[in-house]
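A.B. asks: Construct the entire structure; sequences and hints are all you get.
Here's the letter readout for the chains.
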Amino acid sequence: MSRKGRRLMLIGIALAVVACAAGLTLFALRGSVSLFMTPTEVAERPLSAGARLRIGGLVKEGSVIKPDAKTITFAVTDTNKDVAVTYTGIVPDLFREGQGVVVEGVIEAPSRLRADSVLAKHDENYMPREVADSLKKQGVWQGAEPSSKSSPARP
Amino acid sequence: MIVETGHYALVLALALSIIQSLLPLYGGLRREPGLMAIAPPVAIMQFVLISISFASLTWAHVASDFSLLNVVENSHSTKPMIYKISGVWGNHEGSMLLWVLILGVFGASMAIFSRGMPSDLRALTLSVQGWIGSAFLLFILLTSNPFARLARPPIEGQDLNPILQDPGLAIHPPLLYLGYVGLSMTFSFAAAALLAGRIDASWARFVRPWTLIAWIFLTLGIAMGSYWAYYTLGWGGFWFWDPVENSSLMPWLAATALLHSASVMEKRDALKVWTIFLAILAFSLSLLGTFLVRSGVLTSVHAFATDPTRGVFILLILVFFIGGSLALFAFRASALRTGGIFAPISREGAMVLNNLLLTTSCATVFIGTLYPLALEALTEEKISVGPPFFNMTFGPLFIPIFLAMPIGQLLSWKRGDLLGAAQRLTFAVALGCIGGLALAAWRGEPFLAAIAAALAIYLVVGSFVDVAGRIFVRGASAGVMLARATGLPRSAWGTAVAHAGVGLTLLGLAATGWGIEKVQTIRPGDQIALGPWSLVVKSFEPRDGSNFKALVVHTEIRDGNRLVAEIEPARRLFSTRQMATSEAGISTLSFGQVYVTVSEQNPDGSLDARLYWKPLVSLIWLGALVMSFGGLLSLSDRRLRIGVARRAQRKPASAPGSVPAE
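Line by line, the protein sequences are chains R and C.
The opening position of the first sequence corresponds to residue 1 in this note's numbering, with each subsequent residue numbered one higher.
The opening position of the second sequence corresponds to residue 1 in this note's numbering, with each subsequent residue numbered one higher.
It is worth saying that the hints were derived from the structure and are not from the lab.
Values in this document were obtained by computation on a predicted structure and should not be read as measured data.
Take these hints with a grain of salt, some might be off.
Claimed, not checked - Calculated pairs, DMTMM-like style, for lysine to aspartate or glutamate (alpha carbon to alpha carbon, straight line, at most 25 Å): (1) R:Lys4 with C:Glu32; (2) R:Lys60 with C:Asp604; (3) R:Lys70 with C:Asp200; (4) R:Lys66 with R:Asp82; (5) C:Lys549 with R:Asp116; (6) R:Lys4 with C:Glu556; (7) R:Lys66 with C:Asp526; (8) R:Lys66 with C:Glu600; (9) R:Lys81 with C:Glu381; (10) C:Lys518 with C:Asp417; (11) R:Lys81 with C:Glu376; (12) C:Lys518 with R:Asp82; (13) C:Lys382 with R:Glu104; (14) C:Lys382 with R:Glu41; (15) R:Lys70 with C:Asp526; (16) R:Lys70 with C:Glu583; (17) C:Lys518 with C:Asp544; (18) R:Lys4 with C:Asp200; (19) C:Lys518 with C:Asp559; (20) R:Lys70 with C:Glu541; (21) R:Lys81 with C:Glu380; (22) C:Lys267 with C:Glu380; (23) C:Lys518 with R:Asp116; (24) R:Lys66 with C:Glu517; (25) C:Lys414 with C:Glu380; (26) C:Lys382 with R:Asp68.
Stated by the list, open to error - Non-contacting residues of chain R with respect to chain C, defined by C-beta distances greater than 12 Å in every case (computed): (27) Ala21; (28) Thr25; (29) Thr40; (30) Ala43; (31) Glu44; (32) Ala49; (33) Arg52; (34) Glu61; (35) Ser63; (36) Lys81; (37) Asp82; (38) Ala84; (39) Thr88; (40) Val91.
Glycine included, every Cβ here is placed at the ideal spot set by N, Cα and C.
C.D. replies: Given below as structure tokens:
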């Protein structure tokens, strides 16, 4: 093969790999991206059942019910509107009423979410940034500015 | 006084670092021996000063000096000693100090072990190290001073975040930083080559040990972090595609690509400009990782709210180094004499394919990690990119890598024989297929797991085909074969072992498909069937640690009626922070693990437990250990050759390219 031919072949293979990767990326982005919303936004926007969402807010006081070991239901609130959440599994250590939480899952009915992941963070002072932002938007932010405490490289 | 000494030493280190960045640069460009000779002693002195500084902060933590803000916020007098020490880097300020300490270690070892290098390349490399050091020392002193005093010291500290009170903290950050910061060496070498305007195969030989060291530590650091997350986070996940994990994976992918392309450069004097680019890319990605973790732009388990000025400062460092080096690359790369182009079917052709796939997969991780940030900055729309994205993009790109790895090993330099390589791999392919089918028949669904396991077996076996072919000769006696085995270059063993490590990790990942998970309420006396084992809950016992109270669930693992192991998953309450953590009970049984975590006690006294049986799961991390061991073997190969180079040097009129020690 000539020098030029080899170079063209190399470029061809490179382009093919990059094109495959780009195709995969675009395809995957369509399916696995979830939008972050506040409970108020969930209430306002018409959402079809099956939509994938992340919702951030506070765990509403008095809303946590555990029908059995595997299931937990609670409401996520931004003090304006609530979203009812059902989750199967054990919630993280810092999951507590009145604490910030981010849940991710699928909308089952208006303002009802079946969560497949529940995130509560590793520090009692810590509020997920999205939650802090949305609470500020609602004007109910009471905490101090986020403390400058930081975490090291791993949980 | 000790604390002030540490602070003062840090300021001195900055001053030296600025000298190291300017004078040798000027000297290196003007070829003035006097100025070039300044670099090594200054680098060593800088390391000594940073060590003093680090030691004094450690002393403050060990002695619980609560007049220091850093100690108050992260320590407590009752904290066990190991966490008092590891707590030094269990916070932002201390971890940045560890970062520059490791930078100092690398700078000093470069100064000591690089005597054989051309003096201008040596001076320029140390100068670029000086620039990096200056930037980060300035960052520490201006925005994150660990030595800040309190006017009114409290009697007691606030304790370290309980999640971090774990032996993992003592190991994981230093390992990862050794990897991250080790890549600064390859970056400095690349920048120096661009500044000097020349690059050749000997450059690749100088860089190789540093790249290998960084790669070994990065591999270990990532694996250690993954294992730590696995056993502390309590739901048995080991990789979350969390942005912070991704930002350690990206430099790893780039460094892996660099290792391979540098070997092409070393052996065949080709791929020069590309190798330089990869060296810049690898460190740029580790700087990006530092930025993502330290700036607080991310919502992740690692990123807690931080001071915005720090984020801006790190962003400036990032822009300066990445922008500067890429600009230098753009201006000077054309001045480098490029190497020849080569046949596609050859060892170097396989390396190009490896590089192509690794950098592309790195790019997809990059997109998945940064796209949400970019979108939020531009449109204020908040999205998150979940694990399915990465599994869908990263997976397909890695399958050809796995397939090609053993083939590439069997191709010879210059012109390879693809058909011949395929024939030699028949055995590995057959073994993989048989293994996969057997597992599918034995374990059943999911069949994807069986396919991945088949691929893994092929990879492990195929990795050793090359070495085996060089050892086993028909008719040779065992002694001859042993001699051949020990006579093989260590780097050939290194490649085989490292590649087999990748296969082991893949096998561990594949086996996760056959895992069993149960969630149920437990009481003492309960018996639970979990895969091949049965678990007997013996008792709930309260137990006190030095700074926490715990409820321990004493559980026996039985195989039929035979007691195999005992585990004690627990729930801990740390009194200072009023924070509860769960401690998983883990037992490794024939490479698989029984993994149990428990929740808070229910009102009726029972507990909710999560129980897993994860077959072969430990291979995921053992594979990474094996990979690093392969890297170590490859590194020791260098040492042999250095001996040769030294011997050659002693004879007059030889040694055109002597080699650095490691």
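A.B. asks: Check each numbered hint from earlier against the structure, then list the numbers of those it violates in ascending order.
C.D. replies: Hint check: 1, 3, 5, 6, 10, 12, 17, 22, 25, 26, 27, 28, 33, 39 and 40 fail, others pass.
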